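**Q** Starting from the structure of chain A, add chain B where the hints point.
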Amino acid sequence: MHAPERLHCTRIVATPTALDTAAWPGGAVVLRVAADEALVAAPVELDVVSDPHAIVEPETAFCGVWVEVEEALAFLERECDWELPTERPAFAQGAVAGLPVKLWFAADGDDRVLFVVPAPFVVDFVERWS
Amino acid sequence: MTIRRLRISCPHCGVRAVEEFVHGEIPTIPEGIVEPEARDLDRAFMHTNAEGVVVERWFHAFGCRRWLTLARDTRTNDIPDNRG
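Top to bottom, those sequences are chains A and B.
Heads up: take any position in the first sequence, counting from 1, add 759, and you land on the numbering used here.
Heads up: take any position in the second sequence, counting from 1, add 155, and you land on the numbering used here.
With the rest of the complex left out, here is chain A (with noise of 0.2 Å):
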């Protein structure tokens, strides 16, 4: 694995109609963090979601690397305790080495999973992988 490298990436904060409707930027990974929460890794336009409250601002706070799909669920199986999506695309979140982690799993044809880390947890995140 590569170390992860920060991400440059925009989070939104709107009613979760307005997450739903939004017009990403074509293929740019967009994690649901919750209901009404997105994180995009992509630069994102104020008026992309039709929401006139939406906060959109740029966050830099998280390290992502890309990671080939049988090394990773070599490391999920080892890692992480609770039910992976089989389904993809897909996006999960929770405890993986004891560290907050968001998974995003990449379309059919594409077989990476990403790995995203909260900056301050990188460090381990690359010790508890090795």
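These are calculated hints, taken from the structure and not from any lab test.
Check before you lean on any hint, since a few could be wrong.
As the list claims (entries may be wrong) - Chain A stretches covered by chain B per the calculated footprint, using a threshold of three residues with CB under 8 Å from any CB of chain B:
id	stretch
1	799-806
2	810-818
3	835-844
Claimed, not checked - Not the full set, but computed from the structure, chain B residues with beta-carbon under 8 Å of chain A:
id	residue
4	His167
5	Cys168
6	Glu175
7	Gly179
8	Gly218
9	Cys219
10	Arg220
11	Leu223
12	Arg227
Model, not experiment: these values are computed from the prediction.
Where a beta carbon is used, it is the ideal one built from N, C-alpha and C, also for glycine.
**A** Quick look at chain B alone, frame taken from chain A:
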């Protein structure tokens, strides 16, 4: 009586171990305590720790970072209406 390992079903993230959550008791202050400072003291330090079904708040710190409310039987860790 069997005490289960506590697993909580987060409505957004799914079933997770209790270690992913932070417990948030909903404080109940006896009506007999009327002085504001005494009420603050009771709220901060006098945890109810009731035996039986209690309504609690849990914060999913490792996941969606949202609060959820559930009822838990403190004798068995049973959570009605919870898939965990």
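**Q** Confirm or reject each hint.
**A** Quick rundown of the hints versus the structure:
{"no.": "1", "hint": "799-806", "result": "violated (count 0)"}
{"no.": "2", "hint": "810-818", "result": "violated (count 0)"}
{"no.": "3", "hint": "835-844", "result": "holds (count 3)"}
{"no.": "4", "hint": "His167", "result": "6 Å, holds"}
{"no.": "5", "hint": "Cys168", "result": "6 Å, holds"}
{"no.": "6", "hint": "Glu175", "result": "5 Å, holds"}
{"no.": "7", "hint": "Gly179", "result": "17 Å, violated"}
{"no.": "8", "hint": "Gly218", "result": "5 Å, holds"}
{"no.": "9", "hint": "Cys219", "result": "4 Å, holds"}
{"no.": "10", "hint": "Arg220", "result": "7 Å, holds"}
{"no.": "11", "hint": "Leu223", "result": "11 Å, violated"}
{"no.": "12", "hint": "Arg227", "result": "19 Å, violated"}
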